[in-house]
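S.K.: Each chain is listed here by its residues.
2 protein chains.
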Amino acid sequence: MKLPTAPYKGARDFYPEDKRRQDYMFGVLRRVVKSYGYEEYDAPILEALDLYKAKSGQEIVSEQTYSFVDRGGREVAIRPEMTPTVSRMVAAKRQELAYPLRWFSIPNLWRYERPQRGRLREHWQLNVDIFGVANTNAELELIFVADDIFQSFHATREMYQIKINHRQLTDYILSDYLQLTHEQGYALIKLIDRKSKMEPFRFIEQLDAILTPEQKQNSLSEKLLDVLDAKDIQGLPKELLNCPPALELSAMIQSLVAHGLTNVIFDPTIMRGFDYYSGIVFEVFDTHPDNNRSMMGGGRYDGLVGMFGVDPVPTAGFGLGDATLANFIELHNLMPKLANETVLYIAVLLDEIEAGLAIARRFRQAGINCAIDVSGRKLGDQLKTAQKKQINNVLIIGPDEIKANKYTLKNMDSSKEVKLTLDQVVLKLTK
Amino acid sequence: MKLPTAPYKGARDFYPEDKRRQDYMFGVLRRVVKSYGYEEYDAPILEALDLYKAKSGQEIVSEQTYSFVDRGGREVAIRPEMTPTVSRMVAAKRQELAYPLRWFSIPNLWRYERPQRGRLREHWQLNVDIFGVANTNAELELIFVADDIFQSFHATREMYQIKINHRQLTDYILSDYLQLTHEQGYALIKLIDRKSKMEPFRFIEQLDAILTPEQKQNSLSEKLLDVLDAKDIQGLPKELLNCPPALELSAMIQSLVAHGLTNVIFDPTIMRGFDYYSGIVFEVFDTHPDNNRSMMGGGRYDGLVGMFGVDPVPTAGFGLGDATLANFIELHNLMPKLANETVLYIAVLLDEIEAGLAIARRFRQAGINCAIDVSGRKLGDQLKTAQKKQINNVLIIGPDEIKANKYTLKNMDSSKEVKLTLDQVVLKLTK
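Chains R and X are the protein sequences, given in the same order.
Residue numbering for the first sequence follows our numbering, beginning at 51 and increasing consecutively.
Residue numbering for the second sequence follows our numbering, beginning at 51 and increasing consecutively.
To be clear, the hints were calculated from the coordinates, so they are not data collected in a lab.
Be careful, since some hints might not be right.
Derived SDA-like pairs: lysine to any residue, alpha-carbon spacing no greater than 25 Å straight-line [what the hints assert, rightly or not]: (1) X:Lys69 - R:Val78; (2) R:Lys52 - X:Arg124; (3) R:Lys84 - X:Leu407; (4) R:Lys213 - R:Ile239.
Keep in mind it's a predicted model, so treat the numbers as computed, not measured.
Let the sequences and hints guide you as you build the complete structure.
M.R.: Shown next, in the form of structure tokens:
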């Protein structure tokens, strides 16, 4: 039998050079969010399927979740998102935790979908949440954090755009302004959420299918399209300008721009797919013409913790996927050259391995990551291995070197060789 | 509906204080293995079930694996171990990779078993492997790495013992010395593997069940028990002393002891559960009477990469589980006190939040992780929150402080307060 070598469909193997890129990305993410006082948590990748039935939205649970029945008869899911899990964890210790609570995680998530660019079955997602802040300073900070992340990858504000909306404004538009029923409103939110991925005529077709003949006669389609076309808050119909969510949005955008976030705009089509959002929502878009898509999104979801039978906790948070972020970084040429963390390769013949092991230990004690070639091959082959591994320094150990305590240190980039004592090598590699 | 808040059975939620302990442990593991030149890789948690059918051993696949059929009709498993995966990855790039290859990973693994102390359904496991070294210097280095890990957690060599054996010695004992059939030998290996967990009379009962009446008459039980009782290589029957695996083991133990690993012993009952081991095998045991169990194990498994239809690659490696390691560290009091990584908490009233945000940014730019309390609560409540979070420094911002550019920095441990300019606070917290 010959086993196949490909990873599971829609998922990725991370060879060391791929893992280095992931480590770099996750390292930047961790550094930024920790600088704002967020603390990392984690949880099992398996959860009860019930956790997602309540609020994730029908499509995700029924069509996209990896779920199965375990040997004990429990319906379980491989988590498709982290928000229900973190809400569960906060609910479990509702009384003991100190609010405002700032938590983050970079969980591995799975969705059963057709693999495509930037959308895989498996991905990682930075989740950043703040619990216990009812005012919009929570969302304000989250958008600062999101912006800081892109800035820390050395992106300019021309490379991405932060789009912001308010679920309560949407509700106000649908129920008060357009006077739609609750069911029509829900269907429209789902439709608007897909708008940017649809042909305009298709959108109108499906919009018309939701409205009654009477509503169409009253030009509700046109009224809605006018709203959705607004390029800023002032572009909304006058009747909407003074409703509380419009005022809240307006103040937040002003504050963000005042802090230098010149790439923030109002976009009434931003919905976020999940059913649990209850206030301000936002997404960050790549402005590159080849990748003009949402890279991250979040907002306020005050209702989730309360679903676990405890008093509700006001909450806002966002998620940022690793695959879309990696696309962004590559497309804008922001990925630095990442060196092998092994600084020194020790080439040695089989007879001198005992001496080589002692020398390697000495380097490690000095904080130098070094690998010793214990294959027993010819020195030339060992040098080729170091080159292939992109380890830049090679120390050659032979019987003469040991006797004289002078070793050849070869720089693989320049091919230059110097003869040094071990102390000198340590000095050279640690400075 | 009220959702339950407990995590999935046999798995753990990691609250920030738990995650800090994990980060510390994984940080030490990464530092040590990287110092030997090992590079990190990763792979999807889902694999084709076939990957485990070939070599993992029957019990693991049929009774303990989380497996299911995906929406595309594929039989998949949540990986119970990493060795088949890493073998698959090496096979996929067999020709391109530079040997000796030193790879490690800390994957999340799942097994369906009855949860008990140190054995959970979900755990993490450090996997360290060296590919492309046919001589025993690979095993020698792996045992050095294992020892270095425990030393780096500040364990003494009295706290753990390294037990070593050779699968070829076992084969030689079973087929040449005792002249058992292949089937009897396989059954015995499985039995010996469980020996330390069984009552002695039970072991003899099951041993007798494997042997034929004629073999029992020839005292094979006694002969085997004599072998298994050997406390060092010299304690083996004379006929075994000069077989090649006994000589190899003897040389390796001498070399390890010469390098200071005084806690290495020969133990002929060490088998390792998996079917793929083909040479030297070893395990590290906790010597604490309350936790006298195996914490990690590994050995040579030359046959796995070749199962993917490429030329075989000589391989040795080990795995170390996080739950058993955590037990060891706690039982021996080796866990250091881990501080909150948030160094500074900013207490501020709602009216001064704009100023607070600017001040927080200044601290972050100086590399100080700081959280600002945006709840709008009374200052006293904010101080209590800082205390509960174990953040030791609190900066209090009020209108007078802003006007005078002198802020109160309060040390929560000592309750001492000092009035400082922002520059002075930065200096104090960064030195």
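S.K.: Measure nothing beyond the straight line between the CA atoms of lysine 213 of chain R and isoleucine 239 of chain R; if it is 25 Å or shorter, mark the hint as holding.
M.R.: 17 Å, holds
S.K.: Given the hinted pair lysine 84 of chain R and leucine 407 of chain X, is their alpha-carbon gap at most 25 Å?
M.R.: 16 Å, holds
S.K.: Regarding the pair lysine 69 of chain X and valine 78 of chain R, is the alpha-carbon distance no greater than 25 Å?
M.R.: 18 Å, holds
S.K.: Sort out whether arginine 124 of chain X lies within 25 Å of lysine 52 of chain R, counting only the CA atoms.
M.R.: Between lysine 52 of chain R and arginine 124 of chain X the Cα gap is close to 17 Å, so the pair holds against 25 Å.
Figure legend: structure checked against the earlier numbered hints; every hint is met.
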